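Participant: Chains as they are written, first to last, in my numbering: chain A, 1 to 343; chain B, 1 to 343; chain C, 1 to 343; chain D, 1 to 343.
It cannot be assumed that every hint is accurate.
Given that identical chains are not distinguished, each listed pair holds provided it fits within a single copy or across any two copies.
[Stated by the list, open to error] In silico DSS-like links for lysine-lysine, alpha-carbon gap of 25 Å or less:
hint: 1; residue 1: K136; residue 2: K220
hint: 2; residue 1: K312; residue 2: K129
hint: 3; residue 1: K134; residue 2: K220
hint: 4; residue 1: K134; residue 2: K7
hint: 5; residue 1: K7; residue 2: K129
hint: 6; residue 1: K134; residue 2: K312
hint: 7; residue 1: K48; residue 2: K153
Treat the hints as calculated values from the structure; they're not laboratory data.
Being a predicted model, the structure only gives us computed values, none of them experimental.
4 protein chains.
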Amino acid sequence: MKKYSFKNDYAEGCHPNILAALSQTNLVQQNGYGEDEYSAEAKRLIQKKINNVDASVYFVSGGTQANLLVISSVLRPYESVIAAETGHIFTNETGAIEATGHKIHSVPTADGKLTPAHIQSVLDNHANKPHQLKQKLVYISNSTEIGTIYSRKELQELSDYCKDHQLYLFMDGARLGHALTSEANDMSLEDVSALTDIFYLGGTKNGALLGEAIAINNPKLQYDFDYNIKQKGALLAKGRILGIQFLELMKDDLYFDLARHANTQAMRIKAAFRENGITFLSETYTNQIFPILTNSQIEKLQRDFDFYIWQKIDETHSAIRLITSWSTNSDRVNELIHQIKSL
Amino acid sequence: MKKYSFKNDYAEGCHPNILAALSQTNLVQQNGYGEDEYSAEAKRLIQKKINNVDASVYFVSGGTQANLLVISSVLRPYESVIAAETGHIFTNETGAIEATGHKIHSVPTADGKLTPAHIQSVLDNHANKPHQLKQKLVYISNSTEIGTIYSRKELQELSDYCKDHQLYLFMDGARLGHALTSEANDMSLEDVSALTDIFYLGGTKNGALLGEAIAINNPKLQYDFDYNIKQKGALLAKGRILGIQFLELMKDDLYFDLARHANTQAMRIKAAFRENGITFLSETYTNQIFPILTNSQIEKLQRDFDFYIWQKIDETHSAIRLITSWSTNSDRVNELIHQIKSL
Amino acid sequence: MKKYSFKNDYAEGCHPNILAALSQTNLVQQNGYGEDEYSAEAKRLIQKKINNVDASVYFVSGGTQANLLVISSVLRPYESVIAAETGHIFTNETGAIEATGHKIHSVPTADGKLTPAHIQSVLDNHANKPHQLKQKLVYISNSTEIGTIYSRKELQELSDYCKDHQLYLFMDGARLGHALTSEANDMSLEDVSALTDIFYLGGTKNGALLGEAIAINNPKLQYDFDYNIKQKGALLAKGRILGIQFLELMKDDLYFDLARHANTQAMRIKAAFRENGITFLSETYTNQIFPILTNSQIEKLQRDFDFYIWQKIDETHSAIRLITSWSTNSDRVNELIHQIKSL
Amino acid sequence: MKKYSFKNDYAEGCHPNILAALSQTNLVQQNGYGEDEYSAEAKRLIQKKINNVDASVYFVSGGTQANLLVISSVLRPYESVIAAETGHIFTNETGAIEATGHKIHSVPTADGKLTPAHIQSVLDNHANKPHQLKQKLVYISNSTEIGTIYSRKELQELSDYCKDHQLYLFMDGARLGHALTSEANDMSLEDVSALTDIFYLGGTKNGALLGEAIAINNPKLQYDFDYNIKQKGALLAKGRILGIQFLELMKDDLYFDLARHANTQAMRIKAAFRENGITFLSETYTNQIFPILTNSQIEKLQRDFDFYIWQKIDETHSAIRLITSWSTNSDRVNELIHQIKSL
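Given these sequences and hints, build the entire structure.
Facilitator: Right, here's the structure in full:
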């Protein structure tokens, strides 16, 4: 029997409702390139859920694509981005942002989250204009790449700071569902929309085959984005497959139910480790956990489960990363918990 | 009742076999980013079908994406592309190639097809080096944007010419299935592979939800392409959906059956026009036809059918474009033919 | 004795006044990067001469650099340029504009000059948005690459058309001096400034060692240009050498005297050809002429003079190009005229 | 009387020999775009001095231009650069490298110098290919941006490491003259050439009006560089002004005499501070020094001299930066020393 994987949240296909909707609509003729009725309806639904009927909503295939599209369309050639050193755009996107001509100024952080003080330090160090770039966009992820989340107050402070300093605030929401359904969360989707210039709702890591929904809240940035999508090769001829998926995910809050399921499973595993006296690399309340284990404990868990060894702590200990998803099987989690108890 | 559309070949979803395969595999855990087993198997199948087990095969989402990835990864900054004036990269991709830094030299052609003489004329006009670019890649489409196809001899001549002049030959195969199953075709898929440096097999316009399969035949170009895919935002986390689709399309030659169906329907419609004494803008044998009609004939057909008016001929006549697809309904074609007869 | 060259207008160094000024100021300490007093004074002088004290003026090294800086700073990624097929940016700048990501739509013209009808034809052919680019900037050269000039009326019409269509009008003035001192000219420098969004005054081809003065007239485009100059490697540490040169050229209208000298010599040569019954490829009134000669006539002139054979007319005739400059020696022109008479 | 400036090494024009040579050659007709006889001779002279007759030598206008040309021409789109956090390309070039599409991985260093261990740490942190870039070029400056220099052994180690790891080694030599004539130097120009793939000899900061001489030592990189120069707007029509200047600088080792003069003046000032018990931010032996002074000492020196306050140390102390140059006046240095003694 194959090992069960906790390596990521995109190991399976998609939620069955999506497959059903693809089947039901399959032979209905539609306009191409995002001009289909499903996409139009999904956009309206999202505008309603984020409480901003004036937002421009676009569907694209994945997170790196969303990030490079947003950033390259918003900035002028000499404008730059500020991000945490753990930010996905800085570490794991093969220089996608720089490939569009824009530098990312990275800031070390304790928990993957930016504060106004972090941003101010970058501005302070780049006063020699025009020999230094003009900082213009702040990139944050929620939940972050290491599983932490922003509180409403933290996001409000960032938003205020950015407005005061003519900076755009852009939230990478590849795992926004997980952030907003975390037990530690105090923020609504409407809050996110009100406090950012642009953000996106990730589908790929929350039950879709592919797809992220970009919402442009700032009216000044709401024009001509479709040209960028086409130019960067991101406009699907059958845009319907993005619209259909987001229609299903947004209907009856399936999107949040799926994320909550992932979080719940992660928290169950976390509790099991904790009960066994095991500590964590960071305190997370979403679908990623980072327990610190001995080498022999790791070997034991590896017999039946797949996961990444995240960071070596010392000669005898490493932190591992376990990720749960919309489709994580409760029975297999039970098995894992059983094994954790006997470590 | 809604009009039936002959506007394009991507108006519906996908072939039912694909939906079935997506369902069957849905909960099987797989590695992400194209490292799944379905993609691996589909690549092997394609290598076999193109008779080149050493080809590098990559799956991406769409044609513009395939074109910009191939061209930007193959060329150095000062190298340029030669294409027909009707070439998709020159006309309808929002400057996607130029956005990666590369100029396209366009050549007017009678039928959308390039010849060595066309290419030579570009080289002759760019002798003032280094004040003029270094031409390095020849872009052709088969079938072309106006429905014509290359013969084996024509492709052989282009291939020889390109080799002699250190030019890469790249075939946009968004509609390669339609070209190779045309009644006028004398070329095999193996020929295409043997005579080009790079080409792709289009899925989006031939029954897939999305996806093009790029085959790199020239060993000198077979390295590091995966970095480019990731950097340009084209690497799907759930690469399985591309692999699964091409597995289905390539199995038992479904790919060619679907294209043949589209061609057959177009040829039936073409015959009906011809029998009625109607002439065509160009002589095509694939899934696109361009009959020249009077304005009143156009109005009549528009009552029940959707299509593009392609080109105004004079005050009383225009050419229209009718495109058939893998899913074009024979009954609706019968209705159209019936109406054509009574024009 | 070496042949005398009529190949271009940059074969010698610079006007002696410039060398004298460089010597006189050599040890005066100045701020770097264009913040020197000479540049400031030269900018004020230019603002006065173009009758626009609010224009932003920047000095850069050469024409290709000026063109790519202006275009890449003004356009958004999906915006494109319209130019004549003979436009320098389209033919002889190694794809410099495309290298910044922007397509140039070229238009065939009889005389190297664009009209509103030319531009309208490009707009008409690019209505399929967003699959086609957004045309945003019109590039013209005055004098053109083939020696012709715009009349005031022609420029006014272009300017009106561009304003009506939300297009920027940019004039490449590498040889603006020659245009404005042509016997056929009816336009002033103030007119040029009033009718364009951006233009530049070429120094390199009119007596400077290097240097073009860019004037940004449109207030909406007058910001942050200095970042682009630095980012593209075009900001000289010793910006003084550009300021000092333009101070000398603009003082007492030396700039126009030099251009007039070049034009006068060209017109003398032109008259000599004409008297001898020789015809021309195009009718020019600036410092470039294109007489059509027999092969044996060309061979005779080649004994003592260097020039380019521009275009083969038939087996026995070609057009040659003769260019005069600020430093063309009257005595050598006399010799050339003498030889023309005896052809 | 105006304050005397120690702010930079490009506050004056150029060495008188250069002005004389410009005057003497002024009316000699030459080919444009670097095809002149002076440039050809200067290239031969440099090939001889660096002991590599096979090196390709190119002249460009400035340091940022040289850096972006070299890096963008050498790297493929997904390849990246490693540099010290103080590297000029990382801090003060307005994102010029990123604007060509390439990320710079920065490394904190004590003294502005990279070691193999620094580079290894970057490689170690970027093992997740192809989600992370392919590191391909190491950028170093000699002398560095903070005045330090590489020893022969250090450069040898870097060179060996880079060869072992398929990395190119590129030296920014904007102040290479100062490095090689430092009292602490043990390396020859021939060594630099033998141990780097590409480097350049800076003219702008060592007595030229403008100009850097790029030497490409690695034969694999010696092709088509001229296309890049033209495409990036860096090819001067009157390339002669670069050739003439380097001919003068390289003749009789004027280049090194000028750098030595700058170093000597800086060392005189350094000795004066040291005698007065003043310490330094870093230990330098070239033309930049960073003494740490009290605020009142700084105010006193500011009465007659211009310089930058480099870094605040505490409430009452800051480090200042003093830069000397080829033209630094000994008498004014004497005055400064006099004032230092009385601080």
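Participant: At most 25 Å between C-alpha atoms: does K134 with K7 qualify within a copy, between copies, both, or neither?
Facilitator: between (38 Å within a copy, 24 Å between copies)
Participant: First find the shortest C-alpha distance between K48 and K153 inside one copy, then the shortest across copies, and answer within, between, both or neither for a cut-off of 25 Å.
Facilitator: within (23 Å within a copy, 54 Å between copies)
Participant: Check K134 against K220 for me: Cα-Cα at most 25 Å, and say if that holds within a copy, between copies, both or neither.
Facilitator: So K134 and K220 pass the 25 Å test inside a copy (19 Å) and across (18 Å) alike.
Participant: Which holds for K7 with K129 at a C-alpha limit of 25 Å: within a copy, between copies, both or neither?
Facilitator: So K7 and K129 pass the 25 Å test across copies only (17 Å; inside, 44 Å).
Participant: When Cα atoms must be at most 25 Å apart, do K134 and K312 count as within-copy, between-copy, both, or neither?
Facilitator: between (37 Å within a copy, 23 Å between copies)
Participant: From the Cα coordinates, with 25 Å as the cut-off, is the pair K312 and K129 best called within, between, both, or neither?
Facilitator: between (41 Å within a copy, 20 Å between copies)
Participant: My question is about K136 and K220: at a cut-off of 25 Å on alpha-carbon distance, are they close within one copy, between copies, both, or neither?
Facilitator: Result: close both inside a copy and across copies, 14 Å intra and 19 Å inter.
When each numbered hint is compared with the structure, no violation occurs for any of them.
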